[in-house]
Amino acid sequence: MMNDLMDFDEVLARFEPVIGLEVHVELSTASKMWCGCSTTAGAEPNTHVCPVCLGLPGSLPVVNQSAIEAAIRIGLMLNCSIASWCRFARKNYFYPDMTKDYQISQYDEPIAFDGTVTIDVGGEPFTVPIERAHMEEDAGKLTHIGGSGRIQDADYSLADYNRAGVPLIEIVTKPVTGAGARAPEVARAYMEFLRDAVKALGVSDARLERGNMRCDVNVSLMPIGSEVLGTRSETKNVNSLRTVEESVRYEMRRQGAILAAGGRVKQETRHWNEAGYTTPGRSKEEAEDYRYFPEPDLVPVAPDAAWVEQLRESLPENPVSRRSRLRAAWGLADREFDDVVGVDGALDLIDATVAAGASPAGARKWWMGELARRANEQGCGLDELTITPKQVAEIQDLVETGALTDRLAREVFDGVLGGEGTPAQVIEARGLAVVSDDGALAEAVQAVLAANPDIVAKIRDGKTAAAGALIGQVMGRLQGKADAARVRELIMEACA
Amino acid sequence: MGLTRDDVARLADLARIELTPDELAHLAPQIDVIVEAVAGVAEVKDDDIPPLAHPLGVVNVRRADQALPTDWQALRPVLEQDAPAWQDDRFRVPRILEEEE
Ligand SMILES: [Zn+2]
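As given, the protein sequences belong to chains C and B, one line each in that order.
So the first sequence is numbered by the working numbering: it starts at 1 and just counts up by one.
So the second sequence is numbered by the working numbering: it starts at 1001 and just counts up by one.
Looking at chain C on its own, in the form it has when it is part of the complex (with noise of 0.2 Å):
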């Protein structure tokens, strides 16, 4: 299944990228789009189902408030147009992940359309085109069993309609051109840039490795100099930003090499494999028929102007500015920035913990540090941890005063991670301040000092390094609750 792929840089001598995107977003409503079931992920299957989203006969779908003011609110950071009315419309279509044999979607009506995004690649503006944003619903979960457990060889397979009629957005692009070589970079900073506006208006989780965005990545090589767009290839369902950049790659090199070859490029529906390469999907797809009609179950919406301004006017921060405006506030090296940015929750986190009274950089330090890997190992999201940026910030207070060293604070993090309570408890109940008692420092020391003469000696001769040995003995003795500067203050005050 391996495909002739043509140097990237060839690519960009005889051919013009466009790329396109169409992005899912699924909202993070408490209930389904036309019905009161539970959105919460992860129940027993089919146990948030009711004859609306199963599409019994009978029901009637009555639309979700929350889901259209999101929709809105999306659109308006897009600066999309919002529709005074639209409707919503059936895709008919027959596939077992709908019970109804078709799905709620809006078709030539979009809720949102016709904006533009400025988003940051690699420090530089780039304007990407919307085309629209419209309101549908999700489809449910389906199990291949047997052979393989892909849907090909399979025996049958098993429905579980939870998610089914999850409310979701559709986003999706113009036609981005000129983006040159900086297309598979421009495809993924899109999707970050996505990522972090739906997560500033907390209308999504926004969890890539859930789900909870997918995008489909549309690409097209057009020879340099020609106005005339390429057939165009659609890899579905990318899953992370990482690689929506290597699928825009990808396909660049493959759809290179057949036109280099005096092939043609088949409009197909293709499929991103891990293992970083794509693959053909069903050829069936191409010729697809939705036969869309207004859906007659549902009124139509039309938002009310004022309400429209009202939404308009409480936007969060552009994603893309905050940016910006942190990286000069917070004065961290560009690397250690861009690592922030990197990691699904970590500006906020930090944000919120700077807010909350720390240093910028000793906030990073805990996040990105000890917090992330606690994280990981825990196999959770960072803000999934139950440590609060306010609990960080006081933590990071007590170190930086010297009340705790970092072998300590790591201790309270154990306590207050394991549900031992705020870090004051943590530490009144582990007895894990530093000691401060001067008395019981210098008790310390001079036991030390007492069993080291020879250590103690080269001190005197000015072999100042030898005093090391000694410090680490003294916080021996006292647990690490000693603060180590102080220490090595009172080693060099005796041997003086």
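Keep in mind that the hints were calculated from the coordinates and are not lab data.
Check before you lean on any hint, since a few could be wrong.
[Claimed, not checked] Just so you have them, the derived chain B footprint on chain C, three or more residues with Cβ under 8 Å:
| id | stretch |
| --- | --- |
| 1 | 39–49 |
| 2 | 53–67 |
| 3 | 84–94 |
[Stated by the list, open to error] Reference excerpt, derived from the structure (chain B facing chain C, CB under 7 Å, subset only):
| id | residue |
| --- | --- |
| 4 | LEU1014 |
| 5 | LEU1019 |
| 6 | THR1020 |
| 7 | PRO1051 |
| 8 | VAL1058 |
| 9 | GLN1066 |
| 10 | TRP1072 |
| 11 | ASP1089 |
| 12 | PRO1094 |
| 13 | ILE1096 |
| 14 | LEU1097 |
[Said to hold, decoys possible] Here are the in silico distance ranges between beta carbons for each label pair:
| id | chain 1 | residue 1 | chain 2 | residue 2 | range |
| --- | --- | --- | --- | --- | --- |
| 15 | B | VAL1035 | C | SER59 | 26 to 32 Å |
| 16 | B | LEU1056 | C | ALA260 | 54 to 60 Å |
| 17 | C | LYS100 | B | GLN1066 | 44 to 50 Å |
| 18 | C | ILE145 | B | VAL1058 | 42 to 48 Å |
| 19 | B | PRO1069 | C | THR143 | 34 to 40 Å |
| 20 | C | GLY263 | B | ALA1067 | 48 to 54 Å |
| 21 | B | PRO1029 | C | TRP307 | 48 to 54 Å |
| 22 | C | THR40 | B | ASP1022 | 49 to 55 Å |
| 23 | B | LEU1056 | C | ARG322 | 42 to 48 Å |
| 24 | C | PRO316 | B | ASP1006 | 50 to 56 Å |
| 25 | B | LEU1056 | C | LYS100 | 19 to 25 Å |
| 26 | B | VAL1058 | C | LYS100 | 19 to 25 Å |
| 27 | B | VAL1038 | C | GLY276 | 50 to 56 Å |
No residue lacks a Cβ here, since even glycine has one placed at the ideal position from N, Cα and C.
Got chain C sorted already, so can you dock chain B with the ligand onto it with the hints?
Relative to the frame of chain C, chain B with the ligand by itself:
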């Protein structure tokens, strides 16, 4: 109106309804008559009539975003009975795709 036999064959295919050539020959003219009857609506002069989106003429019927307990236990026996087959709390459906190539 002129709905051809090929049009009807295509519709049948999209709707996953298998028609024999005899059935097609029998049904296609009938469907054409039905469509033609409805097409009369398009002849009405409608310059000053706003399109009707919904028979009730209302807009913005919405519900608050509130998760309600679902009585899935009561529904379950009905689903199990209506499903083609039932396995591991899920609908069991026949193989979806034939092997490619
Ligand atoms: Zn439901």
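Structure-based check of each hint:
1. 39–49: holds (count 8)
2. 53–67: holds (count 7)
3. 84–94: The restraint on the stretch 84–94 of chain C holds, since 4 of its residues have a Cβ under 8 Å from chain B and three suffice.
4. LEU1014: holds, 6 Å
5. LEU1019: violated, 16 Å
6. THR1020: Violated, about 20 Å.
7. PRO1051: Where the cut-off is 7 Å and the nearest Cβ of chain C is about 10 Å from PRO1051 (chain B), the hint is violated.
8. VAL1058: holds, 5 Å
9. GLN1066: holds, 6 Å
10. TRP1072: Nearest chain C Cβ about 5 Å off; hint holds.
11. ASP1089: Nearest chain C Cβ about 4 Å off; hint holds.
12. PRO1094: Holds, because the Cβ-Cβ distance from PRO1094 (chain B) to chain C comes to roughly 6 Å (cut-off 7 Å).
13. ILE1096: holds, 6 Å
14. LEU1097: holds, 5 Å
15. B:VAL1035 / C:SER59: 26 to 32 Å: 29 Å Cβ-Cβ, so the 26 to 32 Å window holds.
16. B:LEU1056 / C:ALA260: 54 to 60 Å: holds, 59 Å
17. C:LYS100 / B:GLN1066: 44 to 50 Å: Since LYS100 (chain C) and GLN1066 (chain B) have Cβ atoms about 23 Å apart, the given range 44 to 50 Å is violated.
18. C:ILE145 / B:VAL1058: 42 to 48 Å: Once the Cβ atoms are compared, 46 Å apart, the range 42 to 48 Å for VAL1058 (chain B) and ILE145 (chain C) holds.
19. B:PRO1069 / C:THR143: 34 to 40 Å: violated, 26 Å
20. C:GLY263 / B:ALA1067: 48 to 54 Å: Distance hint for GLY263 (chain C), ALA1067 (chain B) holds at roughly 52 Å.
21. B:PRO1029 / C:TRP307: 48 to 54 Å: The hinted range 48 to 54 Å holds for PRO1029 (chain B) and TRP307 (chain C), with Cβ atoms some 52 Å apart.
22. C:THR40 / B:ASP1022: 49 to 55 Å: This hint holds: roughly 52 Å between Cβ atoms.
23. B:LEU1056 / C:ARG322: 42 to 48 Å: holds, 44 Å
24. C:PRO316 / B:ASP1006: 50 to 56 Å: Taking Cβ atoms as reference, PRO316 (chain C) and ASP1006 (chain B) lie about 54 Å apart, which means the hint holds.
25. B:LEU1056 / C:LYS100: 19 to 25 Å: holds, 22 Å
26. B:VAL1058 / C:LYS100: 19 to 25 Å: holds, 23 Å
27. B:VAL1038 / C:GLY276: 50 to 56 Å: holds, 53 Å
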